[in-house]
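Asker: Sequence:
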Amino acid sequence: MEEHREAVKQSVSKFLRSESLYEMVPASGQVLVLEKGLSLLDVIELTLAHRQEAALVWDPDSLGFVGVITDRDLLEMIISQYDEDDMHLEESQIITKLKSKTLATWREETNNSQLILVNSDDNLLSATQLLKNHRLHRIPILDQKQNLVIGILSMESVLKFFVENYVADSSLFDQFLRDFRLGTSSHIITSPADASLIQALRVMASHKLSSLPLLDENDKILGVLFLSDIPQIIRSGYYLNPQTPVLSVLETVNESGDYGVSRFGILTDEDSMKSLIQKLAASPERKLYKLNENQLELIVTESDLFGYFI
1447 MEEHREAVKQ SVSKFLRSES LYEMVPASGQ VLVLEKGLSL LDVIELTLAH RQEAALVWDP
1507 DSLGFVGVIT DRDLLEMIIS QYDEDDMHLE ESQIITKLKS KTLATWREET NNSQLILVNS
1567 DDNLLSATQL LKNHRLHRIP ILDQKQNLVI GILSMESVLK FFVENYVADS SLFDQFLRDF
1627 RLGTSSHIIT SPADASLIQA LRVMASHKLS SLPLLDENDK ILGVLFLSDI PQIIRSGYYL
1687 NPQTPVLSVL ETVNESGDYG VSRFGILTDE DSMKSLIQKL AASPERKLYK LNENQLELIV
1747 TESDLFGYFI
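Taking my numbering, I'd label the letters of the sequence shown as residues 1447 to 1756.
Watch out, some of these pointers could steer you wrong.
[What the hints assert, rightly or not] Here are the computed lysine-lysine pairs in the BS3-like style, where the Cα-Cα straight-line distance is at most 30 Å:
1. 1578 x 1482
2. 1591 x 1654
3. 1666 x 1482
4. 1666 x 1547
5. 1654 x 1666
FYI, nobody ran anything at the bench for these hints, they're computed from the structure.
With the sequences and hints as input, model every part of the structure.
Answerer: Structure (structure tokens):
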């Protein structure tokens, strides 16, 4: 079995190593650029208006890019406005706070990490390893010849490219999922379903989660808060009412009426590695869960998958 697992890893690594990042650049090649002197309110509004995977931070002093803004940064910007004494601030007061702080100041206060780039002629394996090692979901692609950022590489795009282009021996992936040991099965971070929005957001931020299952008193999943919900939470104005029950917020931002649960794909004991990959690619959030007697037993993400492969 160990030889089989190694054969799978070697096959995937060989494929990723053979592919250039040029293949991953979107046709439009458009990237949102935000100047570091903008206020947090401007950053939030511009990011929501353009809705790209990520935005680059430009420093006019050094004439270079110094950072990336993603949905996780929007989350951090929102919760940084609140402490225990701020929960009942008027909307105008929160807006004033967001207007008064620049992106540069916020990045200094939060020790926002330095910009990590990949080059367009890098292979997909080395780029995916960077994403894994730095726990990133998105990384800018630089064209060194033009000295331009030409796109954003994400784990989602890696998964999509892999599913569409991997043509090696697919029988390698016919083994049952239980033989591969991947995903999170212990110490799964969750939140009580009766938590407030700010409580759930803080759990998500402190553990750098991309999804947070919400459980009732019997540990049954009632809803899921996703990092990708943050833009809609901001648009709807709920971030100005942080004590709102998180399930009430999810009822608004999810059209399905199931508080986001259906955006998870479902795994069973009968799944193979092949069917797991197919389900991940089809899942709206690229996340799967497995239940045992109606309780959460396993979560698998695209990052888990490629973390295992490489």
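Asker: Which numbered hints turn out to be false for this structure?
Answerer: 2, 3 and 4
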